[in-house]
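Undergrad: Guided by the hints, dock chain X onto chain D, whose structure is given.
Here is how the chains run, residue by residue.
Number of protein chains: 2
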Amino acid sequence: MEVKEGMDSTRTGSDRTRRFLRLATLALLALLLVPVTTSAETLQQVLKRRGLSQQDVLAAAKTYVPTGKRDEYVAFASGGQSGMVIVYGIPSMRILKYIAVFNPEPWQAYGFDEESKAVLNQGRINGKDITWGDTHHPAISETAGDYDGQFLFINDKANPRLAVIDLHDFETKQIVVSPVFQSEHGGAFVSENTEYVMEAVQYPAPLGGEYSPLERFNEDYRGGVTYWKFNREIGRLEPKNSFSMELPPYSQDLSDFGKLASSGWSFTNSFCSERYVGGIERGRPPFEAGCSAKDTDYLHVINWRKAAQVAAQPGKTKLINGHKVIMMDTAIQEGLVYLIPEPKSPHGVDVTPDGDYIVISGKLDSHTYVYSWKKIQAAMAAKNFEGKDPYGIPIIGLQTALHTQVPLGLGPLHTQYDSKKGIAYTSLYVDSMVARWDYINGKLLDRLPIHYNIGHLMTMHGDTVKPRGKYLVSLNKLAIDRFQPVGPLHPQNHQLIDIAGDNMQLLYDMPLPLGEPHYTVAIDATLLKPAVRYKVGTNTRTGEISPHKTRAGEERIERDGNKVSVHGTLIRSHITPEIIEVDEGDEVTIHLTNLERAQDQTHGFTVSKYNVNGSWEPGKTATVKFTADTPGVFPFYCTEFCSALHLEMQGYVLVKPKGYKAKVGALMPKDQYTQADYEKQVKACNETQTVIDSVVGFITERNYKDFPPVVALVEDATEQLGYADGPKQKAAEEAAAGNYHSATLWAGQWWQYQVKAADIGLRAKTYLEQHGAKKVQ
Amino acid sequence: MEVKEGMDSTRTGSDRTRRFLRLATLALLALLLVPVTTSAETLQQVLKRRGLSQQDVLAAAKTYVPTGKRDEYVAFASGGQSGMVIVYGIPSMRILKYIAVFNPEPWQAYGFDEESKAVLNQGRINGKDITWGDTHHPAISETAGDYDGQFLFINDKANPRLAVIDLHDFETKQIVVSPVFQSEHGGAFVSENTEYVMEAVQYPAPLGGEYSPLERFNEDYRGGVTYWKFNREIGRLEPKNSFSMELPPYSQDLSDFGKLASSGWSFTNSFCSERYVGGIERGRPPFEAGCSAKDTDYLHVINWRKAAQVAAQPGKTKLINGHKVIMMDTAIQEGLVYLIPEPKSPHGVDVTPDGDYIVISGKLDSHTYVYSWKKIQAAMAAKNFEGKDPYGIPIIGLQTALHTQVPLGLGPLHTQYDSKKGIAYTSLYVDSMVARWDYINGKLLDRLPIHYNIGHLMTMHGDTVKPRGKYLVSLNKLAIDRFQPVGPLHPQNHQLIDIAGDNMQLLYDMPLPLGEPHYTVAIDATLLKPAVRYKVGTNTRTGEISPHKTRAGEERIERDGNKVSVHGTLIRSHITPEIIEVDEGDEVTIHLTNLERAQDQTHGFTVSKYNVNGSWEPGKTATVKFTADTPGVFPFYCTEFCSALHLEMQGYVLVKPKGYKAKVGALMPKDQYTQADYEKQVKACNETQTVIDSVVGFITERNYKDFPPVVALVEDATEQLGYADGPKQKAAEEAAAGNYHSATLWAGQWWQYQVKAADIGLRAKTYLEQHGAKKVQ
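Protein chains in written order, with the working numbering: chain D, 1 to 777; chain X, 1 to 777.
Bound-form chain D, shown alone (with noise of 0.2 Å):
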């Protein structure tokens, strides 16, 4: 754009003016001032008529993210009730992706192939399938205490379970039950290189799911804490060397494992330490009244790292449901858990940066408290405690193990750390606000408020020990009024928050158009490496070569019995085999492979009213199944628009009664097409190899080597051109012996794989151009 001949003006002003009119700040004035194409606004206009603020305008920029262009970090939010786990970029908070991890769902196929079935299979539940999960903890792989990227965890607090998501292909890949608790809520957190990774039980209750009534609550219900083994080089946790430890029956929530100092420790709190038990309906005051009577709960304070030694004992655990629990008893005995008085139904457990301070909110004490791990570590080894809780354990006195008590504001509940030395981040649900502080002093910074009601809050990598500062996420629970209406059920309302400056400035409002997130993790974009493609033929779910993976013309219908097994290909345009004739009651079991490399060329496929539904990214296979109990005639298609052609890439099962009795017909004569309509093809696809000369042409004329998008598609482009090949073989054959209907029809697959490729190559074209490349010699 250029800039307009009167700016140049302004250089004769006085020195004051030529301070600030440089020649960057003409650009900028330009910008303001002159449309970027004749009838177009200025930004002037833009902020007129839109109602903007300067400080909007300010927030636009800092969170606009150009085509093309990347996010600076990645976010995984839990999903809530929905059983996902969702994935968005940050700055500009649009979703990238909802992961399923417990529900069936139909996009990404899960739970409708065989493959994924197997996955959400393991986290059946006293032989229930259970169809949903109440996603709450994200925890993404650490290595020396940082996010390395490769694997992300999540829990499911209703039915007690924990799940592993492979950041190369974003799939869930394992789902475990916990064998000792009935509900959970303090996991997934993972140790500094990801040993183990932690959960603990949320509502106490008998440990491995006996029954005992609540009349025995004191003597039989339990809570604890779950570590499971993970194993890095097959991406899965071991539940053979997995543990447990009891401990009472206090409703742990969440907890942290620390870092550095605190290294080889873990911290849980828990509520409802007055282990009441609520009955509206018998005339006794509700659960809310009597799990708040008290003005403190209990940190709990585990060695985990002694505890692994402990359970790798013989005679030092019980096995429960074939699970190693270390007993409250053996526990105390080993020194392996301590109590801490903490504040009031507390949720957030966040250790330092540094491993040095533990800050505990309670959301019914208006103060955060910071504990000093040098404090407790001297108490523990001086054993100087207050006493002992009823079940035995040893119980630090709050004012032994304090560093600094801060008034924050109301309804405290979750802490999160910025790159700053010292500097925390701490929610404020009753207030909506979200707190600033300096955990070494104790001193409130800044506060600002929200909308409405923050649960969590999130900063990049700011429960590592290496936190990125920059931006803050506030997970809002209520967003009331923040967006268009859409009926009573609301998104719910992730605020950024800028936290670079002095001030924190409210960026950005995101609803959540599906799920309730709870907590959410934050990694930076460059630490993700992904794949587009899969070595063909592989099971996605187990990482493993398929022993159904079907390559180019080994596609088969095979019968044995009444099971008749498919093993079949996808690729731009058209399903091998295309017709499936079985019979009523047939058992149909269909083996797909995609065998397309370029990304993003996913296929689907359905057979229509028969539940059949699949998505095949390229390099998968994959299978379905079923009954084919109802005769007739089901179409089956892709179900992802792929191509062009996509709407023809059909087919049809047909299912025969029993006792079908053939009638007579015939499909469309073999003499349709002529020698001149042969002909006509055959231009056609001389003029459009024309185009496509053309447009190879300008790419090999370009430095297109130098943008990898480019070369990929290339690459693509060539495939499809390649196998154009055979058809025109084909085609000249059957011209040649005088057939010219299947010649005309062979001559038109030529062209589809023509008109495919030279798709592909004016995307390359219209990429050069737009990128600048450059003309070579």
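There's no promise every hint is true.
Just so you know, same-sequence chains aren't split out, so a pair can sit in one copy or run between any two.
Unchecked claim - Think about it this way: if two alpha-carbon atoms lie no more than 27 Å apart in a straight line, the pair counts; the simulated DSS-like pairs of lysine-lysine are:
1. K306 x K383
2. K375 x K730
3. K663 x K318
4. K775 x K344
5. K658 x K294
6. K443 x K420
Calculated directly from the structure, the hints in this document are not laboratory data. Everything numeric in this text was worked out from a predicted model, so none of it was measured.
TA: Positioned in the frame of chain D, the structure of chain X alone reads:
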């Protein structure tokens, strides 16, 4: 913000300078150069740091919607294989809601509570649950040809079905199964006053689901269209008043209703009018080759208004599966259907806002065809036909009907209209572009590259009699490199384009994180009037008051043999009842009513390990069921973070095993709390009351009644505080009787209600502070 003094000196510059630097500009200059807070960045610094161009900041300013402000338009996108509808705001492109339609979805509890299961069960086919759908074409209900914002219709292509969503609460209310088709595509489309909702078949098959071999394709396989009668009063489709028309096996595709000039008619296109049957595995060229061999396919022109009259006459229809079908012979005899050649492999058929023209693009023809309704009418009146198709349907000659033919580019697909007369936008799939053109004068005006491979496109009210112009959304089928990678399965990309000026300008790339949208419709946001609560006790799926509506005090647990039924309530922060004791094998039914009236106060409910999950918006009554086949202790809790004491909104289902022998035990002693505890709690209550009084004082001293959201908050706070009276009184009574334990707990419950009231009051106070409320006398 203040303008720096230095700026004024520019006024001493030349006249030309003065022309540019008027006062309004100064404020903006200040924005560029002066940070908003001391240490914050200027806009100029932000642009430099983030590498944004002038075009980028303009686009950011055109799309950014600040906190609490609303989007101008609301879009409803189909979700493809996800089975859902996606709701998003324009221009912010923020997704506001996923509405589950054909798939069970746990966040909304769709398919989890009995009431919504009843809706999903309407969509069962051949005795089978269909747990997904392939949603393609949403349609908003219309009045006089323009969107009225009352209902949304959406189809399932795979398992031919249609669903009705009520935009009063954005919930799916009805699913109907096609009684005649095996798959469909061309739905939903609505007539000008939503008399009928139309769907057309996709892949031909014998009507009604009979088996017939592919060798009888020409004789037995058929296409067709269905006109579903809509009853706006009850908001439901009426199968008994609906009818279909048999059509040739031409793979009918999309449709459109005529409007104004062409009122009473509908238009349906087709592909594979070759009636080709593929079979690669049998040595035949694939469908994609044989289905694109001819240069043209057929547009079906149907007189639906007359057809409705014919369908009502005795003897004029054939009943197939109880559904009226006008067979082809009757349709031809009655002059209900005509064919016109149309460009090869078309997708969209789009009637212009005045109804005068019909625009069709064939993906394998680089021309877009504009048909003249006047010419078509004249040909029909004069019986000016060029022949008949093999089934006897009269064919109007292409040149007879054509207004003009415009070469727009490669792979043209779908057309939408501008508010400016005669201006249309057409997607170009192969070219990856949008074309702006003049359909009256047949002139291409502008083309804009998109990323990548656009399918449908959409302008605001772009298929109505009154398009609004302003924005266009390009629904791209491939995203490839646009976003931070998230594995082999990519999000889709919807690109927002500014069409207000003379040139199209790309504004925003929106990733679609779940599902594959095919078509989208967008309505002026002010035309939507969704509710925020239900009448207490509403079965939201039927709109009727549930027989299981339960008010406070009516909660009860009843037993009839092995059937246990619970009538309970949900309110911040307890579930009544809190303890549910049943025996192993009992069938347990839990009816819950959310007593809340406050906006966004949804509660959830789950019983752990029993796959029980539900969502209760304010006023809703819904039912969950399970068989207590596994003995044990199963916590239940509210799954929505609804209040500070959300975690304490809990209870237990106890399933007593057969033959259980009681053990001795007792809850916590009833003398835990003393007079001192009681007095401490009362002191806390009194202190909290002081806080509340000061907040109340702040609010009532201001013109809070001018702020409807604050009025709602005050009502909610007053209600919560009202609840405090009961426990307060109980506490006093118990204290008077010397029962200090019980008195302390009840005083605690009094305090819980105070905390909720304070939370709401503080939100109201902040709102007034942020919105410049004034002190009143």
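Undergrad: Which holds for K663 with K318 at a C-alpha limit of 27 Å: within a copy, between copies, both or neither?
TA: between (71 Å within a copy, 23 Å between copies)
Undergrad: Could you figure out if K375 and K730 sit no more than 27 Å apart (CA to CA) within one copy, between two copies, both or neither?
TA: Classified as neither; 83 Å inside a copy, 44 Å across copies.
Undergrad: How would you classify K775 and K344 at a CA-CA limit of 27 Å: within, between, both, or neither?
TA: Neither: 70 Å inside a copy, 37 Å across copies.
Undergrad: Classify it for me, K443 with K420: is the Cα-Cα distance of at most 27 Å met within a copy, between copies, both or neither?
TA: within (15 Å within a copy, 60 Å between copies)
Undergrad: Is the C-alpha distance from K658 to K294 at most 27 Å within one copy, between copies, in both cases, or in neither?
TA: neither (73 Å within a copy, 38 Å between copies)
Undergrad: For the identical chains here, do K306 and K383 meet the 27 Å Cα criterion within one copy, between copies, both, or neither?
TA: within (18 Å within a copy, 93 Å between copies)
Hint compliance for this structure: hints 2, 4 and 5 are not met, and every other hint is.
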